[in-house]
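Asker: Top line first, the protein sequences correspond to chains A and B. Just so you know, my numbering puts 223 at position 149 of the first sequence, and the rest follows in order with no gaps. Just so you know, my numbering puts 237 at position 236 of the second sequence, and the rest follows in order with no gaps.
Calculated directly from the structure, the hints in this document are not laboratory data. Glycine included, every Cβ here is placed at the ideal spot set by N, Cα and C. Hints should not be assumed to be uniformly reliable.
[What the hints assert, rightly or not] Straight line, CA to CA, 27 Å or less: simulated DSS-like cross-link-like pairs of lysine-lysine:
1. K258/A x K35/B
2. K159/A x K203/B
3. K220/B x K114/B
[Claimed, not checked] Listing some non-contacts, in silico: residues in chain B with all C-beta distances to chain A over 10 Å:
4. E26
5. K29
6. P40
7. Q48
8. E58
9. I61
10. L115
11. E155
12. G182
13. K192
14. V216
15. N227
16. E233
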Amino acid sequence: MDDKNKLYAVSEQITSLVKEGDDAILRKLYHDNYPKVERYILLNSGNKENARDIFQEAFLSMWRNIQLEKFNPVNEDSLGGYLFKIAKYKWIDYLRSGHFKKTVLLPEIKENNEMEYEEPSESEKIISIRKSFELLGTNCKELLNRFYYQSQTLKQIAAAFNWTEASTKNNKYRCMQKLKELLKN
Amino acid sequence: MNPLPHISPEEFEEIENFLFNRLSEIEKVSIEHKITTDPEWAQKVDQVKLMILGIKEAAIKDRLQDYHSSVVKPFEAPVRVANKRKYWPAAASVIFLMMVGALIFFITGNDTKLFNTYYHPDAGLMTSMGITENYAFNRAMIDYKSEKYESAMESWKALQKDFPENDSLNYFIGSAALANGQAKESIQYFKKVAERAGFFQKDAIWYLALAYLKVGNKKEAIKYLNLSDRTEKAELIQKIED
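From just these sequences and the hints, can you work out the full model?
Answerer: The following block contains the structure:
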């Protein structure tokens, strides 16, 4: 399938579009699935802030697991179901944590004690890289974002920064080294 | 991530080319062989792969607040009590418009009245104009959101010639047609999307039912409403049957 076809085949290519970080698809997934999670958390001792935080964590886990090929959605429903499952798992985990020591767990929550969800082993490393990335300088963040996320070419990035292609390539390597240094700390 | 092996610029480029599928088959096989036989090399590949994912995840995380604000409507402050004298011309205009609306309502058929009550155009997709390959699709989406439905339809129909079975194109051509008052035309597009599992299937079923309602085909409208997952469906079926 050529690039053009891939970009238009939204419904048939959910996995690849989510992998590519397609804005339209991710926004639709967020929009369609947030209310259900919020309702669940509000009914189970949480507030709207909890709902937002848990849903966003779950959303990132879903995205990450698709990238790592730990989950392969076949349609919107399977993606929505998976997202809800992760959010539920994370919320139950949170309820059991110190934050909610005195909360009496509802029967429904107790029934879901043995939910089948496990964070992949790579998750912790990726989250740590993400947090270190936030600590990089503005130029490094922009350069790496443009190259790896927006899939811009070195030529396009060089033009945006008013650099040469060679120095863009060197700077990219240096930024990755800086990111590595931050990970060591 | 400890211990992190040193990766030279050349190795880095080679790994990146491998991960981005930019190598020839021979080079690819050579790297795959190194991954299986050299644990340090495998660790280097893994490290670069995870770093790229971490960078991408940071970009996704940045967007979430924006997504969230489009879900959660901002708090609406209570309306201040207005100075009656100052606002009476506006109030008179509103009453006049309501009267005109009521007149239109009474001279229009029941199916159209119901359609107008329940129909809200699909809000469309957010677009990222930075991706050049998506340009034509996104350009038309901007037209659609600007209510330039004719123009959006024209662009999407041109793309649809190459991808006749594409759900996104069929769904949005149908949406643009319905929003443009061309309910009959919208049916063929919504039908393609509604009749097979996919990302837009549920929305297509709802709009297909409304399009049938608009053209006066109550039987088909009810058939698709029964397949819809919208909360308003029972109420609408009841009103159609009354």
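Asker: For each hint, tell me whether it holds in the structure or not.
Answerer: Here is what the structure says about each hint:
Restraint check for K258/A and K35/B: satisfied, since their Cα atoms lie roughly 26 Å apart, inside the 27 Å limit. With a C-alpha separation of about 21 Å, the suggested pair K159/A and K203/B falls inside the 27 Å cut-off, and the hint holds. For the proposed pair K220/B and K114/B, the alpha carbon gap of about 17 Å is at most 27 Å, so the pair holds. The non-interface label for E26/B is consistent with chain A: the shortest C-beta to C-beta separation is roughly 20 Å, beyond 10 Å.
With a least CB separation of 18 Å from chain A, K29/B remains clear of the 10 Å interface cut-off, as annotated. Distance to chain A confirms P40/B as a non-interface residue, since its nearest Cβ pair spans about 17 Å, more than 10 Å. The non-interface label for Q48/B is inconsistent with chain A: the shortest C-beta to C-beta separation is roughly 8 Å, within 10 Å. Non-interface call for E58/B relative to chain A: violated, since the shortest CB-CB distance, roughly 5 Å, does not exceed 10 Å.
Once the 10 Å rule is applied to beta carbons, I61/B is inconsistent with being away from chain A; the minimum gap is 6 Å. With 10 Å as the threshold on Cβ separation, the claim that L115/B sits away from chain A holds: the shortest Cβ distance comes to roughly 25 Å. No Cβ of chain A approaches the Cβ of E155/B within 10 Å, the least distance being about 16 Å, so the stated non-interface status holds. Distance to chain A confirms G182/B as a non-interface residue, since its nearest Cβ pair spans about 26 Å, more than 10 Å.
Residue-level check passed: K192/B sits 15 Å from the nearest beta carbon of chain A, beyond 10 Å. Non-interface call for V216/B relative to chain A: holds, since the shortest CB-CB distance, roughly 26 Å, exceeds 10 Å. In this structure N227/B is separated from chain A by more than 10 Å, as the shortest Cβ-Cβ distance comes to about 19 Å. The Cβ of E233/B sits about 15 Å from the closest Cβ of chain A, beyond the 10 Å cut-off, so the non-interface label holds.
Hints 7, 8, 9, counting from the list given before, are not met by this structure.
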